[in-house]
Amino acid sequence: MIPFDYRRAGDAETAVAAVAGNPGAAFLGGGTNLVDHMKLGVAEPDLLVDVTRLPFDSVDPLPGGGLRIGAGVRNSDLAADERVRTRYPVLAEALLSGASGQLRNLATTGGNLLQRTRCGYFQDVTTPCNKRRPGEGCSAREGYHRYHAILGASPHCVAVHPSDLAVALTALDAVVRVRGPRDGHGERAIPAAELHRLPGEHPEWDTVLGHGDLITAVDLPPLPMAARSRYRKVRDRASYAFALVSVAAAVELTGDVIGDVRIALGGVAHKPWRATLAEAALRGRPPDRAEFRAAAEAELADAQPLRDNRFKVPMARNTIVSVLAGLTGEEPR
Amino acid sequence: MRSDEPMGGFADDALVPADGEHGAEAFMPTRRTVLVSAGAAAAVTVAAGKGAGGAAWASAAGDTRVRTVGAGESVEVALSVNGQRRTVTVEPRVTLLDALRERLGLTGTKKGCDRGECGACTVLVGGERIKSCLTLAVMRQGAEVTTVEGLASGDELHPVQEAFIRHDAFQCGGCTPGQIMSAVACIDEGHTGSDAEIREWMSGNLCRCAAYQNIVAAVQDAADAGKKVRR
Amino acid sequence: MTTSTKSTVTRTDGIGASPRRPDGTAKVRGEFAYSSDLWHEDMLWGATLRSPHPYARITGIDIARALALPGVYAVLTHADVPGVNRYGLEHADQPVLAEDVVRYRGEPVVVVAADHPETARRALERVEVGYEVLDPVTDAESAVAGQGAELHPGGNVVRHVPIRRGDPDAAAEVVVTGRYEVGMQDQAFLGPESGLAVPAEDGGVDLYVATQWLHVDQRQIVAALDLPEDKVRLTLGGVGGAFGGREDLSIQVHACLLALHTGRPVKMVYNREESFYGHVHRHPAVLYYEHGADRDGTLRYVRARIYLDGGAYASSTGAVVGNAATLGVGPYDVPNVSVDCWGAYTNNPPCGAMRGFGAVQAAFAYESQMDRLAAACGLDPVEVRIRNAMAQGTVMPTGQVVDSPAPVEELLRRVRAKPLPPEPSGEPDLRTLPGGVSNTTHGEGVVRGVGYAVGIKNICFSEGFDDYATVRVRLQVVGGEPAATVHTAACEVGQGLVTVLQQIVRSELGVERVTVEPSDTTIGSAGSTSASRQTYVTGGAVREACLRIRDALGALSPAELGDKVLDETVEWRHRPTEELHPETGQGNAHVQYGFAAHRAVVDVDTELGLVKVVALDCAQDVGKAINPQAVLGQIQGGSAQGLGLAVMEEIKTEGGVIRNPSFTDYLIPTVLDMPPMSIDVLELADPHAPYGLRGVGEPPTISSTPAVVAAIRAATGRALTRVPVRPEHITGT
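Each protein sequence line maps, in turn, to chains E, X and B. Read in numbering that gives the first Met the number 0, the first sequence has 264 at position 265, and its numbers run on one by one without any break. Read in numbering that gives the first Met the number 0, the second sequence has 7 at position 8, and its numbers run on one by one without any break. Read in numbering that gives the first Met the number 0, the third sequence has 2 at position 3, and its numbers run on one by one without any break.
Check before you lean on any hint, since a few could be wrong.
[What the hints assert, rightly or not] Which stretches of chain X does chain E cover? Using the computed rule of at least three CB atoms under 8 Å from a CB of chain E, they are:
no.	stretch
1	67-74
2	88-94
3	154-160
4	180-188
[Said to hold, decoys possible] Chain B regions said to be covered by chain E (calculated; three or more residues, Cβ under 8 Å):
no.	stretch
5	606-612
6	647-657
7	668-675
8	721-730
Hints are computed from structural coordinates only; laboratory data are not their basis. No residue lacks a Cβ here, since even glycine has one placed at the ideal position from N, Cα and C.
Build the full structure now, drawing on both the sequences and the hints.
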């Protein structure tokens, strides 16, 4: 790990100014991703601004019934929060499906959202990678890419975003609150679904945030339908592994039909993938497996799998069907 | 850690107590002339460490003033380690794991992957289990750290340590300090309601010898014993 | 052999008991000193520069900038190797530091010593190595066929073993064929390679290292350093797991070289990624099988071609080939056998010893074939196995007559007779479903499957190897109490050998107090901690030494020794074995066979491809359980590694480059993946072995993998001819 300066931020404004004023600076949250990347040489910041002691460590009710999750709230505390568990179970399940107890005790809400891809080439500084060094080329496209994207990739990057939390937040229409160098004392709000971006021409940008932008909180809207929500993660072992495919979903039945539905996919794209096509196909339709399957296929119609991850397309379809069937009480075949 | 800890010697526990009495020395290797454990060496290292100068934290926890520790510059980090106040002088890039192992000589905490993937480096900070390889020591200014060396009271093992021996919950022992620290926290968290729950909440600690069945039994046993004591 | 009229003493801490491990307290207290925990006041840190290419010619090495870095004490290349710059377990074909050519990605080229690990790392970055990249050989089968560059003089076949028994043209009514693949598995021990070399005043060096065989390390080090044996002294550091991966050299020569060059102690520790490059792996295999049988399932013949990828250097490929060939038909009585097994040189990572080597790869194929045969004959999978099961007296394909119990049928009957786990009913605990806690459905699409397998493994070293152990046992009265010490060079790697040796001494000498001294090279070799052999060979040697002491004691009891010290050093060997005939593969190559059978029960989510191993029950014959608790631990551990190979573990290479050298990308089973096991331990004495015991560690690794895969096949109907089985293989996409 290369040497770097370290500062502990006393307040958000100073933290933002410290990072904004130095192009080589980075915020340090739980460290589970950044410290790892610094060991690998993937990240080489010359200043770390420790934001773990900023006063963003609580979950507070919002007027109107939502919740505001401080960016510093740790994954384990958020997963254990009674309000989250009962009103937004998809969120608690997503958190508990990630990493391990020890890591969830370190990882923060903001840091989790900003973790970077697990693409092996991104992490191996001896190989070309457009995300690490724009213009070098993508090694994964023709390489070992079983874990990589099937949706929204570009010729420049086929990486996927690894966060489980982000998938749940995307399904829940959460809003990310950001304070940046241009925001003065104020903050701006970014829908969770718009925080992360597709790689396009610039895979080096994971999110729409600019340098010095600090996530301060995530707002959960009051969403009664979220009480019936689920997260399911398909992976190579039963625990402590990243997703091949994951699905976050919430369903509201109105009479005999689906009144409203939220679906987001993980492990399939450079960002949490809000399945808007599937949602649209399902609204007003009866909750049965044929409908679920048709909706999933509509969402995945444009999938462009790579040589070795074609399996993800039917896997994503089946996971969507399985989660929706479970949520709507559809009986086993 | 004792500075005369023999390496690789296998005397019988029952006959060679930890303090090396009862004439056991006759049967122990005498490697200490060549090798000293990290415990003794640490004193040398710390004493020789660079002074923190103006970069030191005036007070530990709760200090919210913004200060900068320069690249390559060392800082004094005050920690409570196993109930003792310890100060390490480290650069910001030193992880808590390396501070414990290389500076404080507490090599009981293991480095299995250094990437948060195996659990061997698990310690308690403020009573909660974390992976010490992915946290910087400088971030833990003022923290209470418990390592595997801090569990026993003298010769009396912690109930989880005792349960691990009783249930043969290890072979090579390389993951064991992490397993035990994780188990202490797992019990404290109340995640021991069933074998399945223990398995879920202990799944962040890999054991390649796969003593898993016995680890689950040890955790369950220690948890049950704890419940009895509390009643 | 010494005889004694006294009978073995029955005790609660002796043979057959499970006393506490002598290293237990230190291990749970964090006080057990692993090789990575060693420290010396003046020590430097060593680091290794490795080849970035799988195959390349070295055009130049410039170390000047590295040497100029403050804090750097040595930068060494092949030119600094004073002795023979070649080492290897079976063939000395591997450079200590690469000279003109690198043959695998990760091959050591330069080593440095510096005052801090970071300084050493920076020094490596300043070494400039010129490479002319060459086309790598990455496929074992085509390498055997002679395609691609010749990587070593004599060609790319490390070894070919043919086995011919009976009629080579035998025909049969029912014929089943298959092509099978086994991926490259990693030992994945938790304690990475590490050691500390301390230069000595006599011009020699003392090395403290985690290894499996001190003397074979020593033999290779002295050749490279051009020193006499007494100048290179090894002591075993605490070993954080081995499983075969520490049988080859890693840091040994490098650390000694640096220590001698700098005059300072040098510590070397690999990180996890480097560990993936720094030790050999299990040979990946491609296996072609044809089984011919009568309609009732009775085997008429087995023909097989097996290709093992040895990677860039030979390591123990020769022995692995021998095992896969001689055990290639499994624990079955087959009248006509034609097996050919090749080990190839390629530019893939070197492969060598891992628990069950050779037998693991073959078992996946022959057990898959037995299931195909059962299906073709309309038989139950257990029935077809029992119909062909070998037994004591069976003639092996090598012509060797099995002269001790071979309870293959009983093992199968026992695992079949075990109660099946209850079918899932009602609201299941999510953690028990395939996929674990994130499985939030109610089990729709979940299908249960049951599979069986049985395996065979040779115990101890084979094919004429002089396999022995040296031990010294002393008995004296200390503080009014009789006390014994045992000194051997045998490596405790976690398996509990030290406990077992104490137990043997307690039972044989009737003393409670037994100390096992640190393992080092001040005594003769005890052979390797591998091939499931240490309890057999070093245990046998300790027993022999104790018997001699008992003879010397005569009528005295140990407590009556007074000032006398009884001291016996013994070199003990098992029955000799024979080399295989080079054309027919005939010969009494093995001293003992070990057997285990598994029944796996799996729940498979057929839509998502997720597998939950619900039960993995085992029956194994151990001849005599010297320490029943340790026996169970070995069976659980071996079975788990077999489960890992079945459903998740594989080193992925791309053009010779490892693409997943981390525990995030190379997954091993967690506690959630491994079910509790029900285990039957049989004790059918081998009359030729000490106490009748049979090696324990490897057999459970062998049958575990095919049993799990058979269960997944039963649940899904898929052919599944490759391990590990991935979700996509189950969903068929």
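Structure-based check of each hint:
1. Counting residues of the stretch 67-74 of chain X whose C-beta sits closer than 8 Å to any C-beta of chain E gives 6, which meets the bar of three, so the coverage hint holds.
2. Under a criterion of three residues with beta carbons nearer than 8 Å to beta carbons of chain E, the stated coverage of the stretch 88-94 of chain X is upheld, 4 such residues being counted.
3. Restraint check on the stretch 154-160 of chain X versus chain E: 0 residues with Cβ-Cβ distances below 8 Å, three needed, restraint violated.
4. As drawn, the stretch 180-188 of chain X meets chain E at 4 residues by the rule of a beta-carbon pair under 8 Å; at three or more, the given contact holds.
5. For the stretch 606-612 of chain B, the stated coverage by chain E holds: 5 residues have a C-beta nearer than 8 Å to a C-beta of that chain, and at least 3 were required.
6. Counting residues of the stretch 647-657 of chain B whose CB lies closer than 8 Å to any CB of chain E gives 3, so the stated coverage by that chain holds, three being the minimum.
7. By the rule of at least three residues with a Cβ nearer than 8 Å to a Cβ of chain E, the coverage given for the stretch 668-675 of chain B holds, with 4 such residues.
8. Against chain E, the stretch 721-730 of chain B contributes 4 residues with a C-beta closer than 8 Å to a partner C-beta. That satisfies the three-residue criterion, and the hint holds.
In the structure shown, a violation is registered for the earlier hint numbered 3 alone.
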